[in-house]
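Asks: Here's the letter readout for the chains.
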Amino acid sequence: MFDKILIANRGEIALRVLRACKELGIPTVAVHSTADADAMHVRLADESVCIGPPPAIDSYLNIPALLAACEITGADAVHPGYGFLAENARFAEILGEHNVHFIGPRPEHIRLMGDKVAAKRAAKDLGIPIVPGSDGNVGSDAEVERLARELGFPLLLKAAAGGGGRGMKLVRAADELPIALSTTRAEAKAAFGDDALYVERYLEKPRHIEVQILGDGKGHVIHLGERDCSLQRRHQKIWEEGPSPALNSAARDQICETAARAMRTIKYLGAGTIEFLYEDGKFSFIEMNTRIQVEHPVTEMITDIDLVAEQIRIAANGDLSLKQRDVKFHGHAIECRINAENPVSFRPSPGKIVHYHPPGGLGVRIDSAAYYGYTIPPYYDSLVGKLIVHGKTRDECLMRLHRALDEFVVDGIETTLPLFRALAREAEIIDGDYHIHWLEEFLARGAAEQ
Amino acid sequence: MVARSSGTPPKTPTIDRDAIRDLARLLDETGLTEIELQRDGVLIRVARNLTARTQPSPLPVATVVDAKTPSPIPVEPHPGLIVSPMVGTAYLGPSPGARPFVDVGSEVKAGETLMIIEAMKTMNQIPAPRPGTVIQILIEDGQPVEYSEPLMIIE
Numbered sequence: 001m002f003d004k005i006l007i008a009n010r011g012e013i014a015l016r017v018l019r020a021c022k023e024l025g026i027p028t029v030a031v032h033s034t035a036d037a038d039a040m041h042v043r044l045a046d047e048s049v050c051i052g053p054p055p056a057i058d059s060y061l062n063i064p065a066l067l068a069a070c071e072i073t074g075a076d077a078v079h080p081g082y083g084f085l086a087e088n089a090r091f092a093e094i095l096g097e098h099n100v101h102f103i104g105p106r107p108e109h110i111r112l113m114g115d116k117v118a119a120k121r122a123a124k125d126l127g128i129p130i131v132p133g134s135d136g137n138v139g140s141d142a143e144v145e146r147l148a149r150e151l152g153f154p155l156l157l158k159a160a161a162g163g164g165g166r167g168m169k170l171v172r173a174a175d176e177l178p179i180a181l182s183t184t185r186a187e188a189k190a191a192f193g194d195d196a197l198y199v200e201r202y203l204e205k206p207r208h209i210e211v212q213i214l215g216d217g218k219g220h221v222i223h224l225g226e227r228d229c230s231l232q233r234r235h236q237k238i239w240e241e242g243p244s245p246a247l248n249s250a251a252r253d254q255i256c257e258t259a260a261r262a263m264r265t266i267k268y269l270g271a272g273t274i275e276f277l278y279e280d281g282k283f284s285f286i287e288m289n290t291r292i293q294v295e296h297p298v299t300e301m302i303t304d305i306d307l308v309a310e311q312i313r314i315a316a317n318g319d320l321s322l323k324q325r326d327v328k329f330h331g332h333a334i335e336c337r338i339n340a341e342n343p344v345s346f347r348p349s350p351g352k353i354v355h356y357h358p359p360g361g362l363g364v365r366i367d368s369a370a371y372y373g374y375t376i377p378p379y380y381d382s383l384v385g386k387l388i389v390h391g392k393t394r395d396e397c398l399m400r401l402h403r404a405l406d407e408f409v410v411d412g413i414e415t416t417l418p419l420f421r422a423l424a425r426e427a428e429i430i431d432g433d434y435h436i437h438w439l440e441e442f443l444a445r446g447a448a449e450q
Numbered sequence: 001m002v003a004r005s006s007g008t009p010p011k012t013p014t015i016d017r018d019a020i021r022d023l024a025r026l027l028d029e030t031g032l033t034e035i036e037l038q039r040d041g042v043l044i045r046v047a048r049n050l051t052a053r054t055q056p057s058p059l060p061v062a063t064v065v066d067a068k069t070p071s072p073i074p075v076e077p078h079p080g081l082i083v084s085p086m087v088g089t090a091y092l093g094p095s096p097g098a099r100p101f102v103d104v105g106s107e108v109k110a111g112e113t114l115m116i117i118e119a120m121k122t123m124n125q126i127p128a129p130r131p132g133t134v135i136q137i138l139i140e141d142g143q144p145v146e147y148s149e150p151l152m153i154i155e
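Heads up: the protein sequence lines correspond to chains B and R, in order. Residue numbers for the first sequence follow our numbering, so the first one is 1 and each next one is one higher. Residue numbers for the second sequence follow our numbering, so the first one is 1 and each next one is one higher.
Hints are computed from structural coordinates only; laboratory data are not their basis. Check before you lean on any hint, since a few could be wrong.
What the hints assert, rightly or not - Here are the simulated EDC-like cross-link-like pairs (lysine to aspartate or glutamate), alpha carbons at most 16 Å apart as the crow flies:
#1 B:22 x B:47
#2 R:121 x B:71
#3 R:121 x B:275
#4 B:205 x B:440
#5 B:124 x B:275
So that you can see chain B by itself, here it is in the shape it has in the complex (with noise of 0.2 Å):
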């Protein structure tokens, strides 16, 4: 097992790898910037570091002094968390160079699922359904149009330099297809300085399904079920439950069977997410997340699987103890992501925290690095903590998440809580009718009921 690992993140993942540290009994390291000297992920660490001020690129993201930080303290493996440089391959390359163990993939595996064109090839070739659409780039706009005819409309045109929504375009019928390509192809010009573009079947109502995995690095594969992440703004996840509402257990054997056998076959080392769009019975392939997820408390809550602690045991080991057979599945998990915004306008809402109650009883589980006076900074992500309830089925979630909900306080800042509060109410949410494009419908029928 390692000697002391440093946790390369801040925020509520420092204090959740913290957690699996301590109970694993590895001393830890905490590295943070000026901005979070007091940060509850510093209060506990056995040790900490100050790596730089609060830009993060000069400080979470700073690799030399990261090395540096592990130098000082003799830490012998780092933790990434999620965000920062959980995914960065040449990261995990240069701890390797210095003989500190990276907690998560290899660099290939990580670097293969970076690349979206790539990631996509790889997936088709390992037997993951992926979205109908061209295989890769596409020439000439005759060609595009033969494509269309092929694979019927709705359509996406997409740049292939484009991203995060970026360089998107809905055709929804043969007529509109010759005008939508040079405004995409002018737009991709413009804004990416390539006018590449690729299409693909466009989904109306796709829910996003994905699957939990954890794997050896020999060719041992497990998995620990789906989670349903279609409540989304911007791209955004605020709500994940599991098991997903939308699937029955034939559909979710063979999604969760594929996506294991796939990581079988390239051995894939550490936790992983398959991530899918799932419509009419069909799932499509989106990317896959080579790191811990933020949303993988509802795993934890539905296996008793502690996940951090596996992917240490994985990093120290090189073992994975746990067979498929294992892996027992108990009544139903939701999380919220409680983010530090205005519940309307989603504006930031950074600031001090000057009443803050949890709620507890059984079956509430709070990730959360927040506490009564801390200041919650400008400089990183919103999240003030993760509410997470279990109960034996997904009524039963409802109601305690509903009662667990109207316990929490949090005062001094703006909070998404109200918004969860509604969505708690909703009839569709209720009944697990909803898809990815659900959430901003909502938002958009109250904003102009306002």
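The hints should help you fit chain R onto chain B, whose structure is shown.
Replies: Showing chain R alone in chain B's frame:
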């Protein structure tokens, strides 16, 4: 002479100048080099640096924090304070056993190397930002330092 305060922050984070003056007077009278007084959760330490000029100068307390130590009281940094621009190991001389780059009392030119900080097997020279006299060296040779940790005072 250095006055340092740490411990539980009082309601008003001001410096108890009278207490420091009293302790400084005691230091002169008794010929001691250091007095530490803890009262009402506030720790005051006055120490004499025999080679430095007498200059009461509040310093920020080192920022290594653990679960047991509460946050230090914010104090005005000395205007001549040099802080570490990086995490690493500080060396006062160019090689082990070699003469240090500077001593207390050394006159330095702007840009002159004050010390080396090793990070990732790279030796980073820390230059003097302005000309002056080294009045205090706040670290030991071979000491690990954090970002923004006080290293030296130059006047």
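Asks: Evaluate each hint against the coordinates.
Replies: Checked hints:
1. B:22 x B:47: holds (13 Å)
2. R:121 x B:71: holds (10 Å)
3. R:121 x B:275: Not OK: residue 121 of chain R and residue 275 of chain B at ~40 Å, beyond 16 Å, violated.
4. B:205 x B:440: The given pair, whose Cα atoms are some 12 Å apart, holds under the 16 Å limit.
5. B:124 x B:275: Cα-Cα ~14 Å, so holds.
The structure is inconsistent with hint 3 alone, although it conforms to all the rest.
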